[in-house]
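Number of protein chains: 2
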Amino acid sequence: MSPTAPLAAPSTPPLAATRPLLLRALAGEPVDHPPTWLYRQAGRYLPEYRALRERISFGELCADPAAACEATLQPIRRFPLDASIVFSDLLVPFEGLGWTIRYGDHGPEVIDGPRSAQEAAAPARFEPNDAVTAPARTLRLLARELPAHVARIGFAGAPLTLALYLLQGKGAKGFEKARALANADEASFAALLEKLADAVASYLALQVEGGAQVVQLFDSWGGLLPPSQWRRLVLPAARHLVARVRALGVPVCWFLRGSADHARLALETGVDAIAVDWTLDLPEFAATLPDAVTVQGNLDPALLLGAPERAAAAARELRRAMAPRSRFIANLGHGITPEARPESVAALVEALVGAPVAASSAP
Amino acid sequence: MSPTAPLAAPSTPPLAATRPLLLRALAGEPVDHPPTWLYRQAGRYLPEYRALRERISFGELCADPAAACEATLQPIRRFPLDASIVFSDLLVPFEGLGWTIRYGDHGPEVIDGPRSAQEAAAPARFEPNDAVTAPARTLRLLARELPAHVARIGFAGAPLTLALYLLQGKGAKGFEKARALANADEASFAALLEKLADAVASYLALQVEGGAQVVQLFDSWGGLLPPSQWRRLVLPAARHLVARVRALGVPVCWFLRGSADHARLALETGVDAIAVDWTLDLPEFAATLPDAVTVQGNLDPALLLGAPERAAAAARELRRAMAPRSRFIANLGHGITPEARPESVAALVEALVGAPVAASSAP
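These protein sequence lines map, in sequence, to chains A and B. The numbering of the first sequence is this note's numbering, which starts it at 541 and goes up by one. The numbering of the second sequence is this note's numbering, which starts it at 541 and goes up by one.
Same shape as in the complex, but just chain A (with noise of 0.2 Å):
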């Protein structure tokens, strides 16, 4: 499971002593394409991984750092990526807070959950055990073994995402049951909000340990509340926990599936960067932030399910229409999914780091 096969040619050259693209985009500094990374770039659409889980399952994949590492290369060896995010799952920080996650074939599960939010907020001391050590664990293999330019980044679940799926015991459409019991005791709710920015933030300092130089909040369902309660009782425990991964000296970004309302409240959390979903247009959403903020996304993924040309042209347009701003990443909008074409991916890529369209017509 060592990772030996070649990586994939680097988008910049690969000198030891580069500085990954990422890391200069977020800082304002020139870039000669945008830091490109996706979402679930390491998954099922890539028949090396589908190879991988048949040896092992994605709960045993989360908890082995050798095995972890591999999967996070695998696209990095195909593509030229500018980052690599650890292998991991958004619910491992549970698992230090002696809650159990179960991987099942409907995607996980919280094992004997808090059934409400006062049971939830119960104080528990945060437990560095294995499966929360694991990321910070494989990070370190991945300091050996990836290029300097290709930046490491670590991530977790944003706090209102994580309790969501604690009170609601597994994934849902609209989280109804769970929004049930926030409404019911807004104050414990707001209490295990401020408690799991706790637990976050001593994973992430973990991570970042462990040679993470970037982190990703994942609030994938930090829309399924509307702005004004988002700012009520979210933003006190968002804002507490950026602090505490920004003191750690590492840039933070905060994507949010949900409308610009939603997005601007999660760059009140003192963010670096801001992630968008693919369903608003990021240009004109960026041209309203301040020149300080990074905006990343958001390309739609239903691109790569589609022809290779069809992903390169909406990652070249994309491109074009965000060349005035050096603080952006190109990503996705949402994750790859497993019907994905790699050679989709590969184009949408090659688009995004490539030399510029205007520049190669050149004679």
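Source of the hints: derived by calculation from the structure; they are not laboratory data. The structure displayed is predicted, hence computed values, not measured ones. Treat the hints loosely; a few may be bogus.
Quick list of simulated restraints, FRET-style, between CB atoms [as the list claims (entries may be wrong)]:
hint: 1; chain 1: B; residue 1: Ala567; chain 2: A; residue 2: Ala712; range: 36 to 44 Å
hint: 2; chain 1: B; residue 1: Pro830; chain 2: A; residue 2: Ala853; range: 32 to 40 Å
hint: 3; chain 1: B; residue 1: Arg860; chain 2: A; residue 2: Ser656; range: 24 to 32 Å
hint: 4; chain 1: B; residue 1: Ala861; chain 2: A; residue 2: Pro864; range: 37 to 45 Å
hint: 5; chain 1: A; residue 1: Leu788; chain 2: B; residue 2: Arg860; range: 42 to 50 Å
hint: 6; chain 1: A; residue 1: Pro878; chain 2: B; residue 2: Gly644; range: 21 to 29 Å
hint: 7; chain 1: A; residue 1: Ala783; chain 2: B; residue 2: Gly644; range: 45 to 53 Å
hint: 8; chain 1: B; residue 1: Glu849; chain 2: A; residue 2: Ala664; range: 28 to 36 Å
Taking lysine-lysine pairs in the BS3-like style, the calculated list, with each CA pair at most 30 Å apart, reads [claimed, not checked]:
hint: 9; chain 1: A; residue 1: Lys717; chain 2: B; residue 2: Lys717
hint: 10; chain 1: A; residue 1: Lys717; chain 2: B; residue 2: Lys710
hint: 11; chain 1: B; residue 1: Lys717; chain 2: A; residue 2: Lys713
hint: 12; chain 1: A; residue 1: Lys713; chain 2: B; residue 2: Lys713
hint: 13; chain 1: B; residue 1: Lys717; chain 2: A; residue 2: Lys710
hint: 14; chain 1: A; residue 1: Lys717; chain 2: B; residue 2: Lys713
hint: 15; chain 1: B; residue 1: Lys713; chain 2: A; residue 2: Lys710
hint: 16; chain 1: A; residue 1: Lys713; chain 2: B; residue 2: Lys710
hint: 17; chain 1: B; residue 1: Lys710; chain 2: A; residue 2: Lys710
Which chain B residues stay away from chain A? Per the calculated CB distances, all over 10 Å, these [claimed, not checked]:
hint: 18; residue: Trp639
hint: 19; residue: Arg655
hint: 20; residue: Ala662
hint: 21; residue: Arg784
hint: 22; residue: Ala895
Note that the Cβ used here is the ideal one computed from N, Cα and C, for glycine as well.
Given the structure of chain A, go ahead and fit chain B onto it with the hints provided.
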């Protein structure tokens, strides 16, 4: 199955000549409370609906006007609602275009549906067979059974939502397959939207002939396209549809699950009313719209899983915040779920239609 049980006490005096409050609000006339109805007010949360469903499947229920009339009346008997919505399913119009729907345990599926946007867009005459005339026939029964003050709403899926369902073949999280087929051949997808707009206009004309006084379009997946793509691909067909339905002399309300930007786009179709989901703050959004626009929504359906007092409090808060606008229809931001508590539905409706709190504290 004849609906003989007494109806709930009306919220306004049951004068034979009473014009439904819903129509008065849509016309901007003064109303003593916001006209109130709820998405999926007939449904599995009601024991009498579950009893009905023990005798008849969902598909049969949609196709049987007597049974559909009974299902439509059930919530009207229980709660002082200002409007009924004919019991049916979003996908019924497909049956008039030669596609077959199977209503299974995991939601409806299109049998032998088209495999490309081009195949889906092939010209077809809309056939007013028994399946597609059923809602119109149900409305005829409702016109006899309902008191005059309860508005009769007809409905259909909006073209984009229908097109996504058709190309995906069944419900899905992000409708990636359908959106990939749309991206692969935008011209055919636009033609499909026009074809569906035509069919839906004919389908709704039957319902208006049957006695529908208002028409509701459900664009449940309308927020899955970014606004720029919505404007380019969806808006033309949506405009044609709305013009054709308004020419029948009934007001049209467009529900869209999506952002405020999407709702503003849907308004450009020329509808009378725009209905938004619970993830945006309605009073703030409504304040940005012209006075001539009616807004509908947007209480969180998760409130109905919790305590009646909490549901009533949220309803009172929305009613108070929206009081300055006569063109306001109170509703949820999405459909009632099976886990909703009927007593919480009752509390929410009563808070919306009863005497305002300020008045009730008078000596």
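Quick one: work out the minimum CB distance from Ala895 of chain B to chain A and report holds if it exceeds 10 Å, violated otherwise.
-> Consistent with the label, Ala895 of chain B stays out of reach of chain A, its closest Cβ about 25 Å off (over 10 Å).
Pairwise hint evaluation, Lys710 of chain B against Lys717 of chain A, where the allowed Cα distance is 30 Å at most = The hint holds at about 24 Å.
Quick one: are Ala783 of chain A and Gly644 of chain B within 45 to 53 Å, going by C-beta?
-> Check passed, 49 Å falls within 45 to 53 Å.
Given the hint that Lys713 of chain A pairs with Lys713 of chain B, does the C-alpha gap stay at or below 30 Å?
-> Measuring from Cα to Cα gives roughly 8 Å; hence the hint holds.
Regarding the pair Lys717 of chain B and Lys710 of chain A, is the alpha-carbon distance no greater than 30 Å?
-> 24 Å, holds
Hint consistency between Lys713 of chain A and Lys710 of chain B [alpha-carbon to alpha-carbon, up to 30 Å] | 15 Å, holds
Take a look at whether the Cβ-Cβ distance between Leu788 of chain A and Arg860 of chain B falls inside 42 to 50 Å.
-> Since Leu788 of chain A and Arg860 of chain B have Cβ atoms about 45 Å apart, the given range 42 to 50 Å holds.
Lys710 of chain B paired with Lys710 of chain A [C-alpha distance capped at 30 Å] = 22 Å, holds
Is the straight-line distance between the alpha-carbon of Lys717 of chain A and that of Lys717 of chain B 30 Å or less?
-> Holds: Lys717 of chain A and Lys717 of chain B sit about 29 Å apart, inside 30 Å.
Please confirm whether Arg655 of chain B is truly not at the interface, meaning its C-beta sits more than 10 Å away from all C-beta atoms of chain A.
-> 13 Å, holds
Given the hint of 21 to 29 Å, check if Pro878 of chain A and Gly644 of chain B actually sit that far apart at their C-beta atoms.
-> Since the Cβ atoms of Pro878 of chain A and Gly644 of chain B sit about 23 Å apart, the hinted range of 21 to 29 Å holds.
Mind checking the hinted window 28 to 36 Å against the Cβ distance between Glu849 of chain B and Ala664 of chain A?
-> For Glu849 of chain B and Ala664 of chain A the Cβ distance comes to about 31 Å; the hint holds.
The structure fails none of the hints (numbered hints given earlier).
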